[in-house]
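Q: Based on these hints, arrange chain P on the given structure of chain F.
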Amino acid sequence: MTLLDIKNLEVSFSARKGDLRILYGIDLTLQPGEILGLVGESGSGKSVLAKAILGLLPGGGSVSKGAVLFEGQDLAQADPKAMRKIRGNRIAMIFQDPMATLNPVLRIDEQMREAITAHRSLPRAEVNARCIAILNKVGIPAPEERFVSFPHQLSGGMRQRIAIAIALLNDPVLILADEATTALDVTVQAQILHEMHRLCADEGTALIWVSHDLSVVSGIADRIAVMYAGRIVECGPVEQIVLNPRHPYTLGLIRSVPAEDSTGHELHQIPGLMPSPGALPQGCVFAARCFAATAHCRDVAPEYTETNGHGFACHVPNQGGQI
Amino acid sequence: MADTPILSVTGLTRKFVQSTPMTTQIASLITQRRWAPEKAVRAVNDVSFDIAAGETLGLVGESGCGKSTVARLVAGLLTPTSGTILFKGKLLQTCSQKELLKIQMVFQDPLSSLNPRMRLAQQLTEAITVHGIVSRSEQETYLRGIFGDCGIDPILANRYPHQVSGGQRQRFGIARALAMQPDLILCDEPVAALDVSIQAQIVNLFAKLRRDRGLAYLFISHDLNVVRHLCDETIVMYLGRVVERGPSTAIMANPRHRYTDDLRMAAPRVSATKRNFSPVHGEIPSPLSPPSGCAYHTRCRFVDTRCKTDMPPISTTPTGAFTCHNPISIT
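Protein sequence lines, in the order shown, are assigned to chains F and P.
Note that our numbering has the first sequence beginning at 1, numbered continuously upward.
Note that our numbering has the second sequence beginning at 1, numbered continuously upward.
None of these hints come from the bench; they were simulated from the model.
Virtual Cβ for every residue (Gly too), placed ideally from N, Cα, C.
There's no promise every hint is true.
Stated by the list, open to error - Derived CB-CB ranges, DEER-like:
1) 77(P) / 237(F): 45 to 51 Å
2) 34(P) / 142(F): 30 to 36 Å
3) 115(P) / 103(F): 31 to 37 Å
Next comes chain F alone, as it looks inside the complex (with noise of 0.2 Å):
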């Protein structure tokens, strides 16, 4: 049974000039203990759709169109009381910035009971106990000793793993991680990215991993959705997608990482910005960074299309691989 069916999802903002759609015909499912990687430059709206999919939009933001189907309920039409009981309890989430995710004048263990208590009576003894378990889990030597620590005693890396461990609390059946490694050294990063693929294969848990960086999310995800401009512009299988890319946009972003052979060369680059939200061309929303772009490219969209479950939005898809 699929786990997340998010169906031709929309979401706008009200702004003073009207509503801007920041979201355009999101489709996309999820299989019970699948990797999702979810990969686009900053304002490409990956951050959007997570915080769609809980109901966390900031305010002004609301799904106009289309449904988040989660066990086959619907996220997107669910009331406040229903959210919470989902929120942090079936679905878990972990954002960049441990230090904002964190109360800083609350123990670490005064957070993890609530996280909890929010959703089950337990005897107190019991929920430490819960706890306690859930730090050794994520890693944390000396689990007691933090367990009764505050947020700023602790290192940058172990604040991400508590903030892992608050998210495991409740054995959630899928957990959306956004950035969550991004402000991290290079040894930590490997190091949470290790244990999250354990636990959730451990667990069997489904984890939709939101990162800018494709060569982070391409070592942990089973299939690889990339973003721009509100769009999903391709989505498949990590190996399809690193070895066969189709859309330029997704080229460009695996040649933007300088490789072994690179050095001396010049970077393959992607030319200009983004558009914004308000400002959408016509046609394909690409066309203008495209080396590939046609004049039929700036007057019409391009369809996605899947076949053999990779999927792409290109009329002038890459052909030959990498190169």
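A: Same frame as chain F, now just chain P:
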């Protein structure tokens, strides 16, 4: 004077002393009849390197390893506890204001290094005026030239920093450094906050400016892919010390120090299959109480008793050097 490196750093050390509270001092005087021992951090410990004109030196390491402190010392924003910094063969402390202008910095976050209340062009004009780089009548043409070099649309110049994108802001950060006609630019994580596609644009800009103007860079980054791409030589730092140095491509392809290897393995790269992350354990220890022996022994997988007690000596290779008791053998 072609042989004199543009920057020559020898035995650079910087100690930060944590002040002891008066109450602790008094308690110590009463109970032990002496002052409380000072708590000191050697943020940079015996670091030496040279940068030749037109050369790019990469400095990599985790946060807290002292790489930014090195940049601040070289920029003259901090004074070294010991060691010497020679800029074009002259002691940095004795350089005149005008000579010091030839060292410029580019920071990670242009939003905090640019003045939010001044138009971008104004900020550049101010720097040029204060330092009298060109005469007032030539300012506009001069600025236009700099903007052209940095790939900045002149229309953006009359905006405020928050009105342009992150990549454009970083271009202004570079333009401001470039307006001083520097010989050496210290870049402290200049691409860390940018999207991958924008990062490629800025990396290419750095490479182009080096080609066109013969600039030398001290390029600080935690991203090994970028460092390998841009830098001729690379230094790897751990807890204030240099653990390995050598040509960038050699260091990344055949590292000798275990830490360099671990860093390399942890760096993300585009892969078609799921990666088996075999991460380094633990985190960088507190510099207030650095481990005995090799500082990396608490996290190293190849640690033996010698590593815990003896500081590894510096072993030189044909192209570089490293400090490790159990180095990776060359295959």
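Q: Each hint should be assessed against the structure and marked as holding or not.
A: Against the structure, the hints come out as follows:
Between residue 77(P) and residue 237(F) the Cβ separation comes to about 50 Å, which falls inside the hinted range of 45 to 51 Å. Look at residue 34(P) against residue 142(F): about 33 Å separates their beta carbons, and that is inside 30 to 36 Å. In this structure the hint that residue 115(P) and residue 103(F) lie 31 to 37 Å apart at CB holds, the actual value being about 33 Å.
The structure meets every hint from the earlier list without exception.
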